[in-house]
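S.K.: Sequence lines, in order, name chains A and B.
Under this note's numbering, the first residue of the first sequence is numbered 2, with each subsequent residue one higher.
Under this note's numbering, the first residue of the second sequence is numbered -5, with each subsequent residue one higher.
It is possible that some hints are incorrect.
Unchecked claim - Partner residues aside, some chain B positions facing chain A, computed with beta carbon under 8 Å:
(1) 46
(2) 59
(3) 142
(4) 248
(5) 250
(6) 276
(7) 344
(8) 376
(9) 442
To be verified - Here are some chain A residues the structure puts well away from chain B; computed CB gaps all over 10 Å:
(10) 100
(11) 371
(12) 442
If you're looking for bench data, these hints aren't it; they were derived computationally from the structure.
In this text the structure is predicted, and so the values were computed from the model without any measurement.
Here a beta-carbon is modelled for each residue, glycine too, at the ideal position from N, C-alpha and C.
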Amino acid sequence: MRDIIAAALDAAALAGATYADARIVDTRKEDISVENGRVEGIESSASFGIGVRVIAQGSWGFASSADVSVRGAADTARQAVAIAKASALCAGPSVELTAVEPVVDTWSGPCEIDPFSVPLEDKLALLLAADEVLRAEPAVKLSKAQCGFYQVHKWFGSSEGAFIEQEHTETGAGIVAHAIGNGEVLPRSYPNSHGGGWRQAGWEYVLGLDLVGNAGRVAEQASQLLGAMVCPSGEYDLIIDASQLGLQVHESVGHPTELDRVLGDEAAFAGTSWVTLPDLGTLRYGSEHVTVTADATVPGSLGSFGYDDEGVPAQRDDIVRDGMLTGLLSSRESASSIGRTSNGCMRADGWNRIPLIRMTTVSLEPGTWAFDDLIADTECGLYIETNNSWSIDDKRLNFQFACEIGWLIENGKLTKMVKNPNYTGITPKFWNSCDAICSSDHWSVWGLPNCGKGEPMQVSHVAHGAAPARFRGVSVGVGR
Amino acid sequence: MSENTQAARELALRAVELAFAAGAHEAEAVSSAGTSALTRFAGNRIHQNVAEKDASVSVRAVVGTKVGVAATNHTDDDALRACCEAAVAAANSAPEDPSFPGLPAAMPVESIDRTAETTRQFGAEARAQAVASIVAQSSSRGLTAAGGVKVSDESVAVANTHGVDVAQAVTGLRATVLSMSKTGGSGWASFVSRDASELAASALGEEAASLAERSEGAVDLEPGEYTVVLAPEAVADIVEFLGYLSFGAKSVAEERSFMSTRLGEQVASPLISIADDALSPLANGLAFDFEGQPKTRVALIEKGVATEYVTDSYWAARLGRPNTGHALPAPNSYGPMPLNMEMAAGDATLEELIAGVRHGVYVTRFHYVNVEDPVPATLTGMTRDGTFLIRDGRLSSPLKNQRFTQSAVEALSRVQGVTRERRYIGTETSPVLVPGLLVAGFRLTGQTQ
């Protein structure tokens, strides 16, 4: 791979690039799903190619090809330079990159049992067994069990002298039972919705989930939802479970603190941010209980790596400390524009995409509460679990989330189950209403393998740590 | 047949041959080959400029009634053979599926030219010049423009062991512009065509810039039910979500669609007709589905009546319906889906719709729409880039972006006017064609700051 990357870098330099990097990426995937006792899909796929990113005449150019040969790499590099020169026809100030020490290194993620070595029959047997338990509940009209595996091996080289080889494996699995009746479709998932739980790990992660053992409870709750009361409307003290809170962090802290959004580079598609550059160090983002970190070094997290796709080492950085905005997720170019160094958040969705600023493991740090104490401390409220739907405006201010299930909290006790709970809010008001976060005993990292951003659309694999937390006076039951 | 189309066809045919040799009783291959390039701009300058060339194939192998799929972008014979063997191994590992009807037989597919040489020739310099023309309309007024100009030239081929052998190329261009003022105004315009020479870049830039200037100084609006005029960009979101949620056989059979219980009923205003018609001279995209079956016209909603839903070979067999030719690539959890929808035109202009509203809201487009309840197709999302109060038949104050939480089916039942002008919205190779709508009682449930 060194020869091929060197060919790309040399060709780029000869064509007039002042900076170049090349990434060769080899990915392998397997997805298996079972629905209502039937194998819905067994699919494997492989993709291999090279992407070359250059700066020429002060502007960016990028080209990619599945032809991973010395000649193909050089052709791709020359095309990238030609594109960069076209970019210069409508250019701004010349691109500047903040300095990074070029390293030669390797990194690999944790994986005990290679999931690709586990027989398909074993995977199917586990999924079919879980699905059978789901379907034993008569109200469950649609059941699903799935698992997926993703392996990536990539090589990065830059004209500054870096050469980095990294590989990791991701594993995910989950079950969902849909109770359907009277014009309602009510899902209940485990361990998370939208494809289950995901980790940088191997088959051992699936075994540890105990899908079969959890299927009965999931199906029973789905069935109970059909007869549950509709979520009331009004302002409630809201306690949000860790998985949903992870998504809340993702949408209303992670995305708005991406520096490319703050600078307007994603304005036309994903949007900008309510955060502005002068806010750094001065903005009260949330209450004093709220500390959010971005950490690419969490073992086993989807947001972890050795180096980002610009060769910047993995880091842990504060984004919000005790409620104050202290950091932004950055790249070499964006950090340079605000006089900082990159905190290493650039990742690309494969060989045919440029790296963009992406979240790593962006987490709400734990507080001190025991979950039972938090419920007991809440007189009149709502406790909700597991995301069902999400939406947020283009500046990441007005959000609305729906969850799969909730329970009223009355006089410090969880009482009636509610269906289709949803809530809405404005980001800073919401985070400033946080008055209690559960302790590290209740804190967990949730992999999120479907974060979309950029054009052409890129799907990034990120993660969020969270523990259940309480927010005062939140509008729930919207649009009922 | 273009070079890409020939390459895709040869790849699909070779994969079917290799899968059969690897032990498949039946085999199908879906291949694609092509190029795409996107020039993105923000802050009145090009900041991302990318190009991609790839070819890939996905092989569905069938052993008895057991099915496995494998895909690769390694197209040499050894890699292709390994891919086919993986598909066969997957099939061998699966349990028998008595409901699998077998792969479909070959059917005649209409030959349609959905390409434009001008699009193929629209290179990096042409894209940069188009961007410069777009940006000039904003920068000259002190506004900031962002967006993109994308071109693609993709060929798709499908082959199977029952004689299916179809291939087609589609070219497309999509240009988008967001223009923003320093004080919060923003405007949007987009353009989609198979022919890049039809792009009027300056005019597109002007449309967005004018809207941005017009939308400065947004004011508050109380939540409530409002009469709204939805520009085509906003209507496209509603139609696309109905396609995703409601118009496919799988969601109907699983009682996740309003059509499950309301086929034949008046579900929408008589002014509303929605069809999926890949063969329409106005459409772009493939004339066949991802099983190589001819796409047929399906009247989904006809004068407000829920009429029909789309199928593929599996769901047609399972439900005893005709195969309408709407398969997605296998495997998928969505079932068949309409990808070439168009809503029938009405007889009004957008201005006439606005003129008929005493107190209401004009919406240029929606943002980040998602599903809260699938059966009534209850959606939530935000307005964006040009939301205005309508007072006494005229656009008045710009409004802060509004959140809606609204059943799409219910909204279509309250349509009171449809524009005769329609626009293509969406991806460059599979856009929807939609008019603007006047909708009563549209639920706005909040606003941003």
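S.K.: Compare the structure with each hint and give your call.
M.R.: To see whether the hints hold, each was checked on the structure:
Taking 8 Å as the C-beta cut-off, the interface hint given for residue 46 of chain B holds, the closest approach to chain A being about 5 Å. With a least beta-carbon distance of about 10 Å to chain A, the hint placing residue 59 of chain B at the interface is violated under the 8 Å criterion. Against a cut-off of 8 Å between C-beta atoms, the interface hint on residue 142 of chain B holds, since the closest Cβ of chain A lies about 6 Å away. Interface hint at residue 248 of chain B: satisfied, since its Cβ lies 5 Å from the closest Cβ of chain A, which is below the 8 Å cut-off.
The criterion of a C-beta within 8 Å of any C-beta in chain A is met by residue 250 of chain B, whose closest approach is roughly 5 Å, and the hint holds. Contact between residue 276 of chain B and chain A, as hinted, is not supported at the beta carbon level, the nearest pair being about 25 Å apart and thus beyond 8 Å. Contact between residue 344 of chain B and chain A, as hinted, is not supported at the beta carbon level, the nearest pair being about 23 Å apart and thus beyond 8 Å. Proximity of residue 376 of chain B to chain A holds as hinted, the smallest CB-CB distance being about 4 Å (cut-off 8 Å).
Interface restraint check for residue 442 of chain B: the shortest CB-CB distance to chain A comes to about 4 Å, inside 8 Å, so the restraint holds. With a cut of 10 Å on Cβ distances, residue 100 of chain A stays outside the contact zone with chain B, its closest approach being about 21 Å. Remark: the non-interface label on residue 371 of chain A is consistent with the geometry, its nearest Cβ contact in chain B lying 33 Å away (cut-off 10 Å). Chain B leaves residue 442 of chain A outside its interface by the beta-carbon criterion, the shortest separation being 32 Å against a cut-off of 10 Å.
The structure does not agree with the numbered hints 2, 6, 7 stated previously, though it agrees with the rest.
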